[in-house]
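Trainee: One-letter residues, chain by chain:
There are 2 protein chains.
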Amino acid sequence: MSDRISNETELIQTYLAPLARGCAGALDLSDDAAYISPIPGMDIVISTDPILAGVHFFADDNANDIAWKALAVNVSDLAAKGAMPVAYTMTLAFPDAPERAWMERFASGLAAAQQAFGCHLIGGDTDRTSGPLAIGITAIGQVPTGKMVRRRGARAGDHVFVTGTLGDAALGLKLRSSGSIFGAKVTDEAKSWLIDRYLRPQPRLQISAVLQRYATAAMDISDGFLKDLRRLCGPQGIALTFSDLPLSTSARQIIMADIEQRACVLAGGDDYEILFSVMAADKAAMMAAASLLGVCIKEVGVLRNESEILVRDDEGNVIEVSQSGYDHFNSL
Amino acid sequence: MSDRISNETELIQTYLAPLARGCAGALDLSDDAAYISPIPGMDIVISTDPILAGVHFFADDNANDIAWKALAVNVSDLAAKGAMPVAYTMTLAFPDAPERAWMERFASGLAAAQQAFGCHLIGGDTDRTSGPLAIGITAIGQVPTGKMVRRRGARAGDHVFVTGTLGDAALGLKLRSSGSIFGAKVTDEAKSWLIDRYLRPQPRLQISAVLQRYATAAMDISDGFLKDLRRLCGPQGIALTFSDLPLSTSARQIIMADIEQRACVLAGGDDYEILFSVMAADKAAMMAAASLLGVCIKEVGVLRNESEILVRDDEGNVIEVSQSGYDHFNSL
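Going down the list, the sequences are from chains E and C. FYI, in the working numbering the residues of the first sequence are 1 to 332. FYI, in the working numbering the residues of the second sequence are 1001 to 1332.
These are calculated hints, taken from the structure and not from any lab test. No residue lacks a Cβ here, since even glycine has one placed at the ideal position from N, Cα and C. Please note that a few of the clues may not be correct.
Computed footprint of chain E on chain C; a stretch qualifies when at least three of its residues, placed anywhere within it, have a C-beta under 8 Å from a C-beta of chain E [stated by the list, open to error]:
no., region
1, 1052–1063
2, 1098–1110
3, 1146–1158
4, 1168–1176
5, 1284–1295
6, 1309–1319
So the derived label-pair ranges between C-beta atoms look like this [claimed, not checked]:
no., chain 1, residue 1, chain 2, residue 2, range
7, C, Ala1111, E, Thr249, 49 to 55 Å
8, C, Ala1116, E, Glu189, 55 to 61 Å
9, C, Thr1009, E, Asn7, 39 to 45 Å
10, E, Ser243, C, Asp1061, 54 to 60 Å
11, C, Ala1285, E, Pro235, 58 to 64 Å
12, E, Arg252, C, Gly1118, 53 to 59 Å
From the structure, some residues in chain C lie toward chain E, with a derived Cβ separation under 8 Å [what the hints assert, rightly or not]:
no., residue
13, Asp1043
14, Ile1044
15, Val1045
16, Ser1047
17, Thr1048
18, Asp1049
19, Thr1089
20, Asp1125
21, Asp1127
22, Thr1129
23, Ser1130
24, Gly1131
25, Met1256
26, Glu1260
Whenever a hint applies, use it, and build me the whole structure from the sequences.
Mentor: Below is the structure:
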């Protein structure tokens, strides 16, 4: 008996249908569509971010991590909108019939992710492709009617915050691609922590309710901090000091040894942290709420009526970044 | 100036954002997510069917037709579930940056389709891929709470119907691949009509309300009539007479000349007609309702308590079909 999955029915019934259990509207993945009965007073929020081997992950990454990332990057968008995930659909395009062992790891990564994020698989489709492995998830969440947090909405005077730490995933990607790149500058423990930050993004769902209540604008950082900050600022601008940006101990270690790596913090992609703004009057209440929920946030600056975004070092010198962030459309 | 689109912002703002106009929750495609405010008393129905160049369409098909098909095959699933479309998300993976003229045709095909089907683009994502052009649409519809028509639900004694005509798209695909295949047996007019049936499926939205009211089970026919009939029958079976199946004049012409082409009717894919069952007691009322709405339907048989599906010719001989329908998973 081959260790590859031989038909779509086995793929769906053995590996995917268990991920739909407990969700009535998924109909055990035995139908051509699924349904959701919306809770009165709630809007449905929808986001879709496919991931492709060779673009968003390495084809030889652990299937468990690939699955986690595929769902996490979509749930991250919902979190940034103040929404909580409910369900997701998933399309899979395989270059070859997957091995059973691979598919088991993939399904187990999804199971862990959907349990962590509180949602179920409700439908999808599988195909074979002459291209790379592609995973297309559409995440569906809910938010009280009219309360979805927009990307546009920040005003001059608003304070800008980020969750977590910046640049870890971009450094992790460098380490994943070429482990020796930072030589003795970084401990093995720090290396594996940074790689994990690249492989397994953590959607900041804990901050979701806080954003809903206080944020004037929010988005997740996926294409690089400065590029996404530009989007959040709209016509406004901001002056930042690099040392005010939240960095992990591991990232700090690397930057202390090689200052060029600041570019990973400013323009590296895949952070999946949330960038948001609040009115000055709400700042204290928002910080108290975030603290109560145990979410790490850090203020990075205040929006002003000049469109420029400037990052300075502690001596006041402007840091120029040649990379302007990730544009998937131009990246191949 | 190159005639290729150089960045994602141009692609979205110039070609796609107009498709979101008129839908508040789409936020002009300027956000990372969209929202839908569900109508009280309605369930949300979700279906996703991506299409890939080389699998579901030819890379050199008219972009207008590719776009139409991408949306139509998804709306067809909603129609079969008794739902009406509201919105859709779309992911695009391009092997090369698209030419502006191509993208204009693609957007105009989508505009025509979404106007015909009554829905808007509300979000999505674009990527570059080393694989073939891939279009991943997730369609979102609505149906009165609890009224989504299931694929499972047909019982012995139920009458089985199909909309429209069968086999046209499979014959059209043969003609599209090799125009001369049927020689003088088929007029140019019939050829182009059949190819059009392959290129531009017509989701049977008119029947949607009828299904909601009367169908015990329903699904659209995309993988071949017999394969999908097997799914609808569940543990039941059915005995059919080939001449009872609804055929277009063009398909009939070809089959009269080459009886082997009956396989296109029985096992060819891409029909996007709706297969459904009703209780005997509801048959007359259902037919009256369908007639009032101007939908062509035809009864093909009655479900019985034997699992076998048999197709006979007018002499009572069983027609054997070697192809068992299309399995995209095994097709490459």
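Trainee: Take the hints in turn and mark each one as holding or not.
Mentor: Now the hints, each set against the structure:
no.	hint	in the structure
1	1052–1063	holds (count 3)
2	1098–1110	violated (count 0)
3	1146–1158	holds (count 5)
4	1168–1176	violated (count 0)
5	1284–1295	violated (count 0)
6	1309–1319	violated (count 0)
7	C:Ala1111 to E:Thr249: 49 to 55 Å	holds, 52 Å
8	C:Ala1116 to E:Glu189: 55 to 61 Å	holds, 59 Å
9	C:Thr1009 to E:Asn7: 39 to 45 Å	holds, 42 Å
10	E:Ser243 to C:Asp1061: 54 to 60 Å	holds, 55 Å
11	C:Ala1285 to E:Pro235: 58 to 64 Å	holds, 60 Å
12	E:Arg252 to C:Gly1118: 53 to 59 Å	holds, 54 Å
13	Asp1043	holds, 5 Å
14	Ile1044	holds, 5 Å
15	Val1045	holds, 5 Å
16	Ser1047	holds, 4 Å
17	Thr1048	holds, 5 Å
18	Asp1049	holds, 5 Å
19	Thr1089	holds, 5 Å
20	Asp1125	holds, 5 Å
21	Asp1127	holds, 5 Å
22	Thr1129	holds, 5 Å
23	Ser1130	holds, 6 Å
24	Gly1131	holds, 1 Å
25	Met1256	violated, 33 Å
26	Glu1260	violated, 26 Å
The structure is inconsistent with the numbered hints 2, 4, 5, 6, 25, 26, although it conforms to all the rest.
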